[in-house]
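Let's have the full structure, built from the sequences with the hints guiding it.
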Amino acid sequence: MNHLLSDQAVREEALSPVESFIVQAPAGSGKTELLTQRFLHLLTKVSHPEQIIALTFTKKAANEMQERIFNTLNTAKNGGRDIQPKTLQIALSVLKHDQNLQWELLNNAHRLRVMTIDALCQWIVNAMPCKSSLAYEGKVHLFPEKLYRRAAQECFATCLTGPLKPHLLNLLEQLDNSQEKLLNLLSFLLTKRDQWLELIYNAKDTSKLKIEALLAGMAKNALYELKNSLEAYEMQDLQQFCQQLIAYGAMPDWAASLSSWHLNANFSLEHAKALVKLLLTSQLSFRKSADHHIGLKKEAHKKAEFALLKAKSVEIFAKLALNSSFYKALIHIHNLPASNYKVQNWDLLQSLFIVLVQLVAHLKVVFKEENNVDFSEVAETALAALGDEDNPTDLNLYLDYSIKHILIDEFQDTSFMQFKLISRLTAGWETTDLRTLFIVGDPMQSIYRFRQAEVGLFLKVREEGIGNIKLTPLYLTTNFRSCANLVTWVNQHLKEVFPAKENIALGEVTFHQADTISKENGLVKAYTTNSSYEEANLISEIIIKHSQEKAASIAVLVRSRSHLDALIPLLKAKQLAFDGVELVSLSNKAEICDLYALTQALLFPASKLAWFTVLRSPYVGLSLTDLHVVSLYENLEHPLLSEDGKRRLAHAKDVFTRAYALKDQQLLTEWILKTHLDLVGQHAVDQDMWPSFSHYFELVNSFTEKNIIQDFELFEKYFNKMYANQTASANVKIMTIHQAKGLEFDTVILPSMGRGTYKQNQELLRWAEVVLAKDKTACLFSPLKSRAEDDDPLYNYLGYLDKEKEKYERQRLLYVALTRAKKNLYLLDSKEKPDSASLRADLNSFLFIPYSLNVLSSIGKEKLDLYRIPLADYAANPIKTLALGSKFTQLTIDSAARAEGILIHRWIKWICCNEIKSLDDIPWEQISQETKDKESEIQIKRKFAPFFNSERGRWLIAKHAEAQNEFAFCVNINNKVATYIVDRLFLHEGKRWIIDFKTGLDDADSQLKHQEQVNNYAKYLSEYFKEPIACGLFYLTSQRWVSWAKGVKCIV
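If you read the sequence shown in our numbering, its first letter stands for residue 4, the second for the next number, and so on.
These aren't lab readings, by the way, just hints derived from the structure by calculation. It is possible that some hints are incorrect.
[Unchecked claim] With a straight-line cut-off of 30 angstroms between C-alpha atoms, the simulated DSBU-like cross-links for lysine-lysine are: (1) 720 - 762; (2) 142 - 724; (3) 63 - 744; (4) 762 - 808; (5) 1001 - 666; (6) 62 - 720; (7) 808 - 720; (8) 724 - 762; (9) 788 - 211; (10) 80 - 63; (11) 677 - 724; (12) 806 - 223.
Encoded structure:
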């Protein structure tokens, strides 16, 4: 079949082992096969397989490519079935070369260097000398936002107390002195520092006058763009029409400047801005005709002139509305900022630059202290490890010598940092040294701006090359995937959607048509429904219809998960099986929300909201009436409680009493899970929810430090980002369009095409690279304006440029969605008028057909009933109670508030809990690591010695009935919650002993103070324990023992 391909010659040329290429490979064009052929062909030309490196952007893609190369060789060795003839020919040559050089690739697949760019960066960093100042042993943190936040806080503290205080206050003033908002904005900027750090370093010495000259140059370019978007005769007709309006006396004051517009005079920016108001409405759409909004009013004595001008305006405006380039130029003029940079904003920008440099420096320190980094830091370190073009490092020289060929897949998704790495790796390459760079990608499928992908880099490399390497551009055109009419449909409609010309800075990509080899025709249907529930029912009908086809694969692809709110419940209700990839937020799953509330209640026992959530959840299952009683009286045995409620509360009290007592004897995840099981929570959870539970506990474990979630706010943020998978081994797949990239399906359904999703963030700093001339670019910056300030035109202009980039990426997202289909394509929407930033709005020339199912709007909604665990299930899972009262909540916590003695108290607790019999049984190595001071360790040994060499000490730590360590309880004092902690509590010979261990002085005043403290404990606890209370103080330094009965003032 290959002889029929329109691009066969291009595919043959791409295999040349002595040339470098950049290949544009549209959807379904077989680029993976071409990459495989190229890699295999290069293997026949090198002395070591490691001299070839293939780079991808995901681990999945890297694994698939390596597996494909290996399987091709293995299949070729075993007869070559199902391999293209050309691929088989190359693979056989590789096997022969492999045998001659004794590579044994089939036994050493690891010698095939296929990896992600992130893995390459890590490999470079790991190859650095240990003594290098750049070397570090940190690992990539799964949640780097925590590190960003800490860096922002430390930067804030440093600036607030140092010489940079005026700059920090300048930023705070813009944000209404909101420290929290500034910290959030600074933290967010650190996620993009690879984009702005070098730019602000290069701009640090730029003067205000130079920036203003740049703004003036931009205005000049915009004016040139507007003038050249019209033919000379069109510009003349427009100018004459304006003069006729003026002569009629119709033009308002803002259009007065147009009176000076003559064809022999310079067309100025002032004229252009007046034209914008003349031609466009307040909604920035073309006017249908001239009217009273622009001053054309019907005068009794000028009826003929009015009619003539009205008719002429209709003709001219309609013609101009068809000129997309002219409209685009008008919008650009409308958004242009003034050429003067406000002094206040300039000073603010300089302050921001200074603080940002300090911020990055603090982040470096945090990375070192935490022994954790992010991917940007790995890439930056890898770049530094290679040196620069004039001063390459030994490592770079080694790589320059050992790497002969580099292949890069999906190059349209490259970031600036990754591009720099490729440039640095190939900086020493010459066109005559037979080393090659092979780049494959498709600008029309660049949809990852949120991951810092810059499609303009593909266009730039295609035009200019990389360093000394000039790449020959090649274009694949054959589509192996889709039916003939689908390819034709996409060619016809997307040609009008994509820009007419390319723009590197804005990421404008032109459309390239595809050829088809298929002789089959499929379906392309587009429908609108009256509601999202009708749309969901229509989708279910389409699924049922095409599921009957043999081995049919069906995909429902959405731009946002929120577009599935009506569909998922309906498919479940109709028992239509589907596989879903990260569809439903776990924070919307009732079972996971209950587990999250349980986690909050355990960690924050003073949180009423968490407790009420747990009490209302299936764990306890209180009715609203009983919950109201508890909230009013805070008494778990109040007579107004129902008998059912009392029994449920009694069970919950026993569970949590036990849980708090055992907290520090278990890992945090084990503690939460054990409490969940003791509450019989497994009876309220379906078996298919356990993978989500596992996912939740993995998240808890990731945020756990010292057996507690240190940053619960960040944990909550990531919890809200967690998604559940729906797996059913079904032929129906539901996923986002981004997740579907690289996949193909027989039938593709695209719902909610009229709904937009883009929301622009208010960032502390906006920046953009602007083109001044063909080879001249510059960078513009603008800080965030204050709330009290009027709109900042420059800040808004940079936001406009970002929206333009987003619009062009949305066009590419539409292309990716449409080209997933092999046979059938359904475009659906439930909005009467599509959102302006929607996929349907981009298909402005295509009409959707109304489709009515007349279903009730309630169809597809899930009914949520309160499930309560039956009381019988509690009886089947009895909890060993600890006989504690009901008016206070018992918990066990580390006494972290006390700096002095915390280590000693924690280890005393460990000694008591583990029934240690000797000093030698204590893990002194661990204590030594915590103290980091030999003298402190010796002092601790001295204080622990009485527990083992005296009768009183052995009695204090011995096993006793109902013993509790670090026993804490909350009491209500004047409507305020107070927490008290008792070091040790136990029963002995009919008395309830309250023991407090002291590491400080034991003079008379101290003893009196300490006795008052313990008596306070005894006062509250005596209300809940029937036994007489005995109190004791044990001073570790002097080994003094003091004991007394509750309330007795004299010391025994």
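Now for the hints, and whether the structure bears them out:
no.: 1; hint: 720 - 762; in the structure: holds, 19 angstroms
no.: 2; hint: 142 - 724; in the structure: holds, 23 angstroms
no.: 3; hint: 63 - 744; in the structure: holds, 12 angstroms
no.: 4; hint: 762 - 808; in the structure: holds, 13 angstroms
no.: 5; hint: 1001 - 666; in the structure: holds, 23 angstroms
no.: 6; hint: 62 - 720; in the structure: holds, 26 angstroms
no.: 7; hint: 808 - 720; in the structure: holds, 28 angstroms
no.: 8; hint: 724 - 762; in the structure: holds, 17 angstroms
no.: 9; hint: 788 - 211; in the structure: holds, 18 angstroms
no.: 10; hint: 80 - 63; in the structure: holds, 26 angstroms
no.: 11; hint: 677 - 724; in the structure: holds, 25 angstroms
no.: 12; hint: 806 - 223; in the structure: holds, 22 angstroms
The earlier numbered hints are all upheld by this structure, with none contradicted.
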